[in-house]
Amino acid sequence: MGFFVLQKDKLNDFLASLEEYEVWAPVQNGTTTLFEVIKDFQNLSLDLKHQVLISKSAVFPQTESLFTFDRNAHPQATNLEKKKETIIFGIRPCDAQSFQLLDPVFEGDIPDPYYLNRRNNAILIGIACSEPFLNCFCTSVGGNPFSKEPLDLLFTELDSVFYIEVITEKGKKIIDKTSTLCAPASSDERKQKEQMAHTSESKIKRKIDLNHIPEKLTGIFEHPIWKKLAMKCIGCGICTYTCPTCYCFDIQDETRARKGRRVRVWDSCMFTEYTLHASGHNPRPTRGERLRNRIYHKFKFNIDNFGVVGCVGCGRCITLCPVNVDLIENLSAIKEVE
Amino acid sequence: MKNPYMPEIAKIIEIRDEALGERPISTFKVAFQNGHDFNHQVGQCAMIGILGIGESMISIASSPTKKGYLEFSIMKMGKVTSALHACEAGDTISIRGPYGNGFPINEWKGKNIITIGGGIGQAPLRPIIQYILANRGDFGQLDIIYGARTSNDLCFKDELFELEKGKDAKVHLSIDVEEVEWTRYVGFVPDNLLKIKPSPENTIAVTCGPLVMIKYVIKNLLELGFSDQQIFTTLENRMKCGIGKCGRCNVGPIYVCKDGPVFSFATLKNLPEF
Amino acid sequence: MNIQKLRDEAKRALNRKEVKYLIGYQKGSYGFRVSPAFIESKEEVDRLIFSPLCALSLANYLMLEEKLPQSEDKKKAKATKIALFARGCDSRALNQIIAEKGIPRDELYIIGIPCKGVIDLKKIEARFPGVVDFAEVVEKNGNYIVTIKEQIFEVPKEELVADTCKVCQYPTPLIYNKLIGDNVEGYPANYDEIHSLEEKTLEEKWDFWQKEFDSCIRCYACKNSCPLCYCEGCVLDKLTPQWVRRSVDSSENLLFHITRTFHLAGRCISCGECERVCPMDIPLMKLNRKMEKEVKELFNYEAGKDPVSQTLLTTFNLEDPEDFIL
Amino acid sequence: MSEFEPNIVAFLCNWCSYAGADLTGTTRIHYPPNVKVIRVMCTGRVNPLFVVQALRQGADGVLISGCHPGECHYLKGNYLARRRFLLMKNLLEFIGVNPLRLRMSWISASEGKKFADVITEITEEIKKLGPLKSFKREVI
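Residue numbers (the working numbering), protein chains in the order written: chain W, 166 to 503; chain D, 282 to 555; chain R, 33 to 358; chain X, 33 to 172.
Just chain W, with the same shape it has in the complex:
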């Protein structure tokens, strides 16, 4: 659709000039980066490695109030009003891929208005991974450090400029709005970007061959390996909260004197309370069942329900797990189980 170039020092002006949009961007927060509506462009951070809280939180926030009410009067919906169009800037290609896994869940036969109100209103601008990180394995799950869907614009950081690829109409609109800052890209910049794409792909060190894992999983549901693999897991929520494709949530009521609200918050299948019945019975009582459910959900059930693997290979669950529960190690252990 078109290739442009933006001088690196012009990035802040580029984002500032889009003030009729609500711009979400990775913001420096100590040693990690948070995804927030950016106010002060100084602490915009393009350090993709420390994006712990991911672009998913721009369309599926960790805490979102569904409606407010007072003592059984008719509830008023919140977070559904028509909002300014939003731009989500600085998305890693693997995180962008996760939108394609979240969308079918929240669309489906009963669409979720809260997610779709934000998602359909968002323009996605990605930044290609020129330097993949320690545990990236996106190439093993059909992804790529320079993959484009479902982005509207893809930035690639060359030495002095950003190389911008326009992918969709929405992206074109943004470039038209900022035409004074962007210039058409020259062919050698394009070659430089292709070259970078190629070398970046070759830098990915972690790999796993996924074929016939779903068939292997069908047979080993009762296998004792799950208990062994989960022995070191401490049942915290890091792997699920920092995972771009995890969408489980909890609904709770919170009241203050006569007023209250129903709120939707992220939840994790690794917590005990997740499937605990009021009677005390828990279909998944130990960490073995929970780890098994997480792997089955992403590498079997997601294929049964949506036809695609539920993982984008971003490697965060491997990097951030405090006790080194390694998804790739677990998947290879499953492949060898007889």
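What the hints contain is simulated information worked out from the structure, not anything from laboratory work. It should be emphasised that the depicted structure is a prediction, and the values quoted were computed from it without experimental measurement. Beta carbons are placed, not taken as given, at the ideal position from N, Cα and C, and that holds for glycine. Incorrect hints may appear among the rest.
[Unchecked claim] Using C-beta positions, here's what the derived DEER-type ranges look like:
1) H442(W) x E231(R): 34 to 40 Å
2) R71(X) x R465(D): 53 to 59 Å
3) M282(D) x E264(R): 51 to 57 Å
4) S73(R) x C368(D): 55 to 61 Å
5) M73(X) x H442(W): 32 to 38 Å
6) H442(W) x R417(D): 34 to 40 Å
7) P315(W) x L96(R): 48 to 54 Å
8) R71(X) x H442(W): 36 to 42 Å
9) R71(X) x L96(R): 36 to 42 Å
10) T364(W) x K49(R): 55 to 61 Å
11) E303(D) x Q274(R): 20 to 26 Å
[Said to hold, decoys possible] Below, in silico cross-link-like pairs of lysine to aspartate or glutamate (EDC-like), each with a Cα-Cα straight-line distance of 20 Å or less:
12) K463(W) x E554(D)
13) K372(W) x E72(R)
14) K154(R) x E322(W)
15) K155(R) x D138(R)
16) K232(R) x E125(X)
17) K270(R) x D415(W)
18) K360(D) x E438(W)
19) K370(W) x E201(W)
20) K168(X) x E235(R)
21) K214(W) x D152(R)
22) K243(R) x E125(X)
23) K392(W) x E235(R)
24) K155(R) x D212(W)
[As the list claims (entries may be wrong)] Computed footprint of chain W on chain R; a stretch qualifies when at least three of its residues, placed anywhere within it, have a C-beta under 8 Å from a C-beta of chain W:
25) 41–53
26) 85–96
27) 113–127
28) 176–187
29) 311–317
30) 338–346
Fit chains D, R and X to the known structure of chain W by using the hints.
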């Protein structure tokens, strides 16, 4: 776009105590304030709750043939159900739904029906009985096998005694432990089923109750010659959204709230976690 | 640290009829990672290692709910003990858990390892980015010898060692059945880092903590990785009444962390796990070490010194300070 | 602008301080009405989380008052509470909440006058400090 999380407000018309004791069960008769038409199917559920406390998924205990109101039989168990049990007639509650696939009752036309319930498990079966009684000619013989721990744990006693006298259905009540003026069967429901020995010929068996009872009932039904397609049951899991999004009620790849809670044993058999 | 001696000791432990299994460290799945190992039989003992990379606390696994299934002969022998390696801080955690009747002393077979300090994974991964193949680290007179494939690097210990280990008072285990290696001298108590925050004004302190708690995502890793956080029905999970709400905002996160810090007052043994595991790098140890300092100064009490002493908040002294009381 | 009237929550132990407060009333000693009293059986019963929740839900200051050391109806309740609230006060100060917002006092059943003085002193101090905005639970 309709907001699936937004509940309707309904008023409690009447509360009938079904079972007393440590885990009391009451039947709540509720009607929508603004005449909202719920048009649910037999066997579907709804998310009932009190704004400020929470919601829980309860099967609708009245059949769609009963117009103008809904009935829910609720056992006092957790935070929401205890709050519901503290309500009186005239209080308002929030209802969201209907959810779940419900029983395929139209496919059962012309067949004999056996309902096998245990304790509170009789509540999801009650709409089947009411629907059959309302369209008595469309169905064959109706057997109601129902048991509970003690006689005051039996729900819908007056209705069932009524039916026992009449000709519309054969009622086989049972209690687990001997009691003085109890003349009917004493023992567990699966054993009562074996004693009655219903013929699988053109018959559908539906069972609800504690998980251990369901497992034995299905085993006995298979022994009696029932095929997998003829046996139906409902599964219960912790549910929060009711529309297959929040991810917690899954049994294998299927979600109990959306693809269930009613399953034929044919689908249930190859589900991993059952 | 002589690895062979450690493995022999582990073999001897597993030979004992009453030991169910042994918890130790093994090579992680990539780069500098180390993973816990649950060893049941003598043959698997060669997986065991110990190096400055062994940062996680094994004492935490004693209180997680379900244990490893027992092999047939162990079941026959009615094995009741769990063997584990314990560094200085782990041994203090064991002391505290035993003193609080969390686990009986005779259910533990403790192999003590005097520890010269562990490496902060974030620091070494920043220093040597992108290391996926296995790497070895050995400490030699004040420097870390890091070997990655064939290359060898020498890095001053000061650069890579975890902050909590820089002020560690008890590197030599205080409770053990067997001790491997010679004692290590602890540092004197040092709370400069806490003093520097204490001297700030109330507003500055408030803003500092408000920003930290704002980035907390309530993943419960600090709670689940802490050896002393093992209460059956934790108040943070309670629904009736609900103390801490599930919605994640700085106000609820503040209550979450105040509750955790207060419930660890006089119990926390500064192993630094909560700070190590936090994905958002929140300096949680500042809170715990502030309470450690207060408890030392006000009540002259230290957590985990021995497995018998009464816990802090269940006792009192007549001369406890009361100048703040009207 | 009407002058700021602080909200003070007071946990009074039933045997001593509550009786003392009662005595203050019966002897018609005047004290500021800002205090909201919660009767507890012993200061040892007061969970430190009560203090934090009170501050988060509208209280500008909290007082825990009980029997003098040695007079506790349950022998050691006040000693245990003394340790608890000294630690909680220092922790709150470390996080940025003024320590004057969490006070403790020994008031026996006969010290009606002292109860009035304590309440007056606390109300004055908290009036000077102003409302505790930052610590509030998010209003819905």
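Hint consistency between K360(D) and E438(W) [alpha-carbon to alpha-carbon, up to 20 Å]: holds, 14 Å
Holds or violated: K372(W) to E72(R), with C-alpha atoms at most 20 Å apart: Judged against 20 Å, a Cα distance of about 31 Å means the pair is violated.
Coverage assertion for the region 41–53 of chain R with respect to chain W, Cβ distance below 8 Å, three residues required: Answer violated; 0 residues pass the 8 Å Cβ test.
Supplied distance hint 20 to 26 Å, evaluated on CB atoms of E303(D) and Q274(R): Roughly 25 Å apart at Cβ, these two residues keep to the hinted range, so it holds.
Satisfaction of the hinted span 48 to 54 Å by the C-beta atoms belonging to P315(W) and L96(R): At roughly 40 Å between Cβ atoms, L96(R) and P315(W) fall outside 48 to 54 Å, so the hint is violated.
Status of the given 55 to 61 Å range, CB of K49(R) versus CB of T364(W): Holds, at about 58 Å.
Outcome of range test on Cβ distance (M282(D), E264(R); 51 to 57 Å): violated, 44 Å
Status of the given 53 to 59 Å range, CB of R465(D) versus CB of R71(X): Hint holds: Cβ distance 55 Å, inside 53 to 59 Å.
Distance restraint between K243(R) and E125(X), which requires alpha-carbon spacing of 20 Å or less: Given that 20 Å is the threshold and the Cα spacing comes to 17 Å, the pair holds.
Assessment of proposed distance window 36 to 42 Å (beta carbons of R71(X), L96(R)): holds, 41 Å
Beta-carbon spacing of H442(W) to R417(D) - inside the hinted bounds 34 to 40 Å or not: holds, 37 Å
Distance restraint between K392(W) and E235(R), which requires alpha-carbon spacing of 20 Å or less: The hint is violated at about 49 Å.
The structure fails hints 1, 3, 7, 13, 14, 15, 19, 23, 25, 27, 28 and 30 (numbered hints given earlier, in ascending order).
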